Amino acid sequence: MTEQEQRLILELGNNFPLTSRPFREIGKRVGMSEEAVIAKVKEYLEKGIIRRLSVALRQQHVGFTANAMVVWRVPPERVEEVGKKLASFPEVTHCYERLPTPEWPYNLYTMIHRPRREECWEIIRKLSSAVGVKDFLVLFSTQELKRSNPQYFTERGEEGE
Amino acid sequence: MPGKKAVLTDTDRRLLAALQKGFSPVPEPFRELAAQVGMTEEALIARLRELKEMGVIRRLGAIIDSRKIGYTGTLCALAVPPERIPEVAEVINSYPEVTHNYVREHETYNVWFTILAPSHERINQILQEIKEKTGITQFLNLPARRIFKIRVNFDLEGSHDRAGTAPDPGAGE
Numbered sequence: 001m002t003e004q005e006q007r008l009i010l011e012l013g014n015n016f017p018l019t020s021r022p023f024r025e026i027g028k029r030v031g032m033s034e035e036a037v038i039a040k041v042k043e044y045l046e047k048g049i050i051r052r053l054s055v056a057l058r059q060q061h062v063g064f065t066a067n068a069m070v071v072w073r074v075p076p077e078r079v080e081e082v083g084k085k086l087a088s089f090p091e092v093t094h095c096y097e098r099l100p101t102p103e104w105p106y107n108l109y110t111m112i113h114r115p116r117r118e119e120c121w122e123i124i125r126k127l128s129s130a131v132g133v134k135d136f137l138v139l140f141s142t143q144e145l146k147r148s149n150p151q152y153f154t155e156r157g158e159e160g161e
Numbered sequence: 001m002p003g004k005k006a007v008l009t010d011t012d013r014r015l016l017a018a019l020q021k022g023f024s025p026v027p028e029p030f031r032e033l034a035a036q037v038g039m040t041e042e043a044l045i046a047r048l049r050e051l052k053e054m055g056v057i058r059r060l061g062a063i064i065d066s067r068k069i070g071y072t073g074t075l076c077a078l079a080v081p082p083e084r085i086p087e088v089a090e091v092i093n094s095y096p097e098v099t100h101n102y103v104r105e106h107e108t109y110n111v112w113f114t115i116l117a118p119s120h121e122r123i124n125q126i127l128q129e130i131k132e133k134t135g136i137t138q139f140l141n142l143p144a145r146r147i148f149k150i151r152v153n154f155d156l157e158g159s160h161d162r163a164g165t166a167p168d169p170g171a172g173e
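Protein chains in written order, with UniProt numbering: chain U, 1 to 161; chain R, 1 to 173.
With the rest of the complex left out, here is chain R (with noise of 0.2 Å):
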């Protein structure tokens, strides 16, 4: 399912551009955005769940600050010889706490996952067990030490340099 574009009409990208500025904690909170959108609460509730089945909606709801909540996160590096990507994965991929994990270009550190957990010894224990499991050695372990910002949301109306509009939220790291 992921890494298929869905085809979104207009109708969804007014829906998701109001849905990324947020919803009210009100009774009935998807009728108050189906009048902004111009649907019925009905229509809008089930278009909702085809985007959620389709993967374009990776979750919807309270967006929580992690931190505020106790917990906290890392960004690290491995440096993978390029064949051993696959199997490498599975190890870091195993750890539930582990909630991004990508490939980028770079001549030596190019997976790049980041880990969220309840202490730093738990952060630390996944690091070491990595290690152990695959036998790499060469890593990067960084700390956020202050955050600057955190926003998720995309531009799905047009403009590129009023990108999202509400100087915002996100699921962060």
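Here chain U stands alone, though its shape is the one from the complex (with noise of 0.2 Å):
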């Protein structure tokens, strides 16, 4: 990637304007063209370095207060399956696979926010019986104290919050 492309993701990931022509703001500040830019951004989503564009949203500020992180123990051999399963439900905002160590036998993670507590059991629940894995914990959040965008392409410390 040059040194171009980097400050353009940048730019597009940190920095979106909010104007009537934004991709021609941002063609001005790292020296290309609005339909280069334009271009680029089909490119970047064609191979899924950008996702989508769009917003995201302070949960709390938006009444998702409740905050559940479900870590299931699930059997090796049935890991790709459950993981499939749970991810397909739309309350379930992450899924993600990782290695279990000695002490942490949990190998699913699955993300829940919802307005209160009793909705995020209400889904576990059904969660549970779903994919008929009984062994799972749920840690709620009770303070956030860090949360910040990626900081992509910048020295070490240099660019903080």
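Incorrect hints may have been included.
[To be verified] The calculated lysine to any residue pairs, modelled on SDA-like cross-linking and capped at a C-alpha distance of 25 Å, are:
{"id": "1", "chain 1": "U", "residue 1": "K134", "chain 2": "U", "residue 2": "G48"}
{"id": "2", "chain 1": "U", "residue 1": "K84", "chain 2": "U", "residue 2": "A36"}
{"id": "3", "chain 1": "U", "residue 1": "K47", "chain 2": "R", "residue 2": "F23"}
{"id": "4", "chain 1": "U", "residue 1": "K85", "chain 2": "U", "residue 2": "M111"}
{"id": "5", "chain 1": "R", "residue 1": "K52", "chain 2": "U", "residue 2": "Y106"}
{"id": "6", "chain 1": "R", "residue 1": "K21", "chain 2": "U", "residue 2": "M1"}
{"id": "7", "chain 1": "R", "residue 1": "K52", "chain 2": "R", "residue 2": "E107"}
{"id": "8", "chain 1": "R", "residue 1": "K131", "chain 2": "U", "residue 2": "Y106"}
{"id": "9", "chain 1": "U", "residue 1": "K28", "chain 2": "R", "residue 2": "I45"}
{"id": "10", "chain 1": "U", "residue 1": "K47", "chain 2": "R", "residue 2": "S94"}
{"id": "11", "chain 1": "U", "residue 1": "K47", "chain 2": "R", "residue 2": "R67"}
{"id": "12", "chain 1": "R", "residue 1": "K21", "chain 2": "U", "residue 2": "P75"}
{"id": "13", "chain 1": "R", "residue 1": "K52", "chain 2": "R", "residue 2": "I85"}
{"id": "14", "chain 1": "U", "residue 1": "K134", "chain 2": "R", "residue 2": "A18"}
{"id": "15", "chain 1": "U", "residue 1": "K146", "chain 2": "R", "residue 2": "I69"}
{"id": "16", "chain 1": "U", "residue 1": "K146", "chain 2": "R", "residue 2": "D10"}
{"id": "17", "chain 1": "R", "residue 1": "K68", "chain 2": "R", "residue 2": "Q138"}
{"id": "18", "chain 1": "U", "residue 1": "K146", "chain 2": "R", "residue 2": "G135"}
{"id": "19", "chain 1": "U", "residue 1": "K146", "chain 2": "R", "residue 2": "A35"}
{"id": "20", "chain 1": "R", "residue 1": "K52", "chain 2": "U", "residue 2": "P17"}
{"id": "21", "chain 1": "R", "residue 1": "K68", "chain 2": "U", "residue 2": "F153"}
{"id": "22", "chain 1": "U", "residue 1": "K84", "chain 2": "U", "residue 2": "R98"}
{"id": "23", "chain 1": "U", "residue 1": "K126", "chain 2": "U", "residue 2": "P115"}
{"id": "24", "chain 1": "U", "residue 1": "K28", "chain 2": "R", "residue 2": "R59"}
{"id": "25", "chain 1": "R", "residue 1": "K52", "chain 2": "U", "residue 2": "K85"}
{"id": "26", "chain 1": "U", "residue 1": "K146", "chain 2": "R", "residue 2": "L140"}
{"id": "27", "chain 1": "U", "residue 1": "K146", "chain 2": "R", "residue 2": "R49"}
{"id": "28", "chain 1": "U", "residue 1": "K85", "chain 2": "R", "residue 2": "F139"}
{"id": "29", "chain 1": "U", "residue 1": "K47", "chain 2": "U", "residue 2": "Q143"}
{"id": "30", "chain 1": "U", "residue 1": "K47", "chain 2": "U", "residue 2": "M1"}
Since the hints were derived computationally from the structure, they do not count as laboratory data.
The structure presented is a predicted model; accordingly, all values stated were derived computationally and were not measured.
Combine the two chains into a complex, taking the hints into account.
Written out as structure tokens, the structure is:
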């Protein structure tokens, strides 16, 4: 990736202008035409480098204050099937497989955001019976210590929040 | 600013729901969006600026797949004595590579954070430094092996069972 492409990705991801012609504005910043920027964005969307042009909301502000991380212990031969099944529920926002460790035997991780804990529990019970896995832990968050945008292509520590 | 709940109007919810589904790489993307929501482009852009200022919008623009540009991430947990959480959090949060950090209810592992960095070496270096600076030795490092789903759309317009609508994106770790 060239330096110009890196700058383009930074502008698109972390510094998107709220103006009528945002791609023209970004083009000015990185020395490209509006058409060239739009062509690059389409290319990145196709390659999956950009997942989409969208918005990330602060969930507390939109009322989703209960945040449950559910960690599941699934037999290795069932990880794929159970992971896909859990991911298929619209209430599950994230579903990852992670390698277990001797002190932490859980291998599937799902996130659920809801306005209230009881609603999270309702969903968790539904998920558990859908996949037939009873060995799981629910870790609700009680405090947000940090939530920031990823910092790409920056010198370490140079660019903070 | 974060932490306080904002008051969203019905129009805001429609606007954010439409925005969550994504906008197009066209010269005037907000004009298109405004037509969908039934606002003028000027009013929509002005409201987006306010929602960003209020902290409702954390980020707007391209949602990047960090792995596709060579970044790698992990989830870590530390066992921190509750009275030491603020001080330990300061050490952890001082790294720009730490993108999320939460206190979670668990009898042992109560501080959970994610690291996103250009290499495993850098991740290991950060973890080593955190351990040295805090003296906390009980920790978990749980890199992802496979991602089944990343999607952080919220259902803003009602019915729980249809959350967010489109099957998709997010600011993935």
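How the hints compare with the structure:
Taking the CA atoms of K134/U and G48/U, the gap is about 35 Å. The hint is violated against a cut of 25 Å. Of the supplied pair hints, the one linking K84/U and A36/U is violated, its CA atoms being roughly 38 Å apart against a limit of 25 Å. For the suggested pair K47/U and F23/R, the alpha carbons sit about 17 Å apart, so the restraint of at most 25 Å is met. Distance check on the hinted pair: K85/U and M111/U sit about 14 Å apart at the alpha-carbon level, within 25 Å; holds.
Taking the CA atoms of K52/R and Y106/U, the gap is about 37 Å. The hint is violated against a cut of 25 Å. For the suggested pair K21/R and M1/U, the alpha carbons sit about 28 Å apart, so the restraint of at most 25 Å is broken. Note on K52/R and E107/R: the hinted pairing is violated, with a Cα-Cα distance of about 37 Å set against a maximum of 25 Å. In summary, the hint linking K131/R to Y106/U is supported, as the alpha carbons are separated by about 23 Å, within the 25 Å threshold.
The straight-line distance between the Cα atoms of K28/U and I45/R is roughly 20 Å, inside the 25 Å bound, and the hint therefore holds. Between K47/U and S94/R the CA atoms are separated by roughly 33 Å; this puts the pair beyond 25 Å, and the hint is violated. Taking the CA atoms of K47/U and R67/R, the gap is near 12 Å; set against the 25 Å cutoff, the hint holds. Between K21/R and P75/U the alpha-carbon distance is near 35 Å, which puts this suggested pair outside the 25 Å criterion.
As the CA atoms of K52/R and I85/R are separated by approximately 29 Å, the hinted pair breaks the 25 Å bound. Under the criterion of a C-alpha separation no larger than 25 Å, the hint pairing K134/U with A18/R is inconsistent with the structure, at around 37 Å. Pair hint K146/U plus I69/R holds up; C-alpha atoms about 23 Å apart against a cutoff of 25 Å. At most 25 Å may separate the alpha-carbon atoms for a hinted pair to count; K146/U and D10/R exceed this at roughly 29 Å.
Our distance criterion of 25 Å between C-alpha atoms is broken by K68/R and Q138/R, whose separation comes to about 32 Å. For a cut-off of 25 Å, the pair hint linking K146/U to G135/R stands: about 21 Å separates their Cα positions. With a C-alpha separation of about 36 Å, the suggested pairing of K146/U with A35/R is violated against the 25 Å cut-off. Restraint check for K52/R and P17/U: the C-alpha separation of about 12 Å stays at or below 25 Å, so the hint holds.
The suggested pairing of K68/R with F153/U holds, with an alpha-carbon distance near 13 Å, which does not exceed 25 Å. For the hint pairing K84/U with R98/U, the CA-to-CA distance comes to about 14 Å; that is within 25 Å, so the pair holds. For the suggested pair K126/U and P115/U, the alpha carbons sit about 17 Å apart, so the restraint of at most 25 Å is met. A threshold of 25 Å between alpha carbons decides the hint, and for K28/U with R59/R the separation of about 21 Å falls inside it, so the pair holds.
This hinted pair does not check out: K52/R and K85/U have alpha carbons roughly 35 Å apart, beyond 25 Å. For the hint pairing K146/U with L140/R, the CA-to-CA distance comes to about 18 Å; that is within 25 Å, so the pair holds. Between K146/U and R49/R the CA atoms are separated by roughly 23 Å; this keeps the pair inside 25 Å, and the hint holds. Proximity of K85/U to F139/R is assessed by CA-CA distance (about 30 Å); at most 25 Å being required, the pair is judged violated.
Restraint check for K47/U and Q143/U: the C-alpha separation of about 36 Å exceeds 25 Å, so the hint is violated. Of the pairs offered as hints, the one joining K47/U and M1/U holds, with about 14 Å between alpha carbons and a cut-off of 25 Å not exceeded.
Hint violations for this structure: numbers 1, 2, 5, 6, 7, 10, 12, 13, 14, 16, 17, 19, 25, 28, 29, all remaining hints satisfied.
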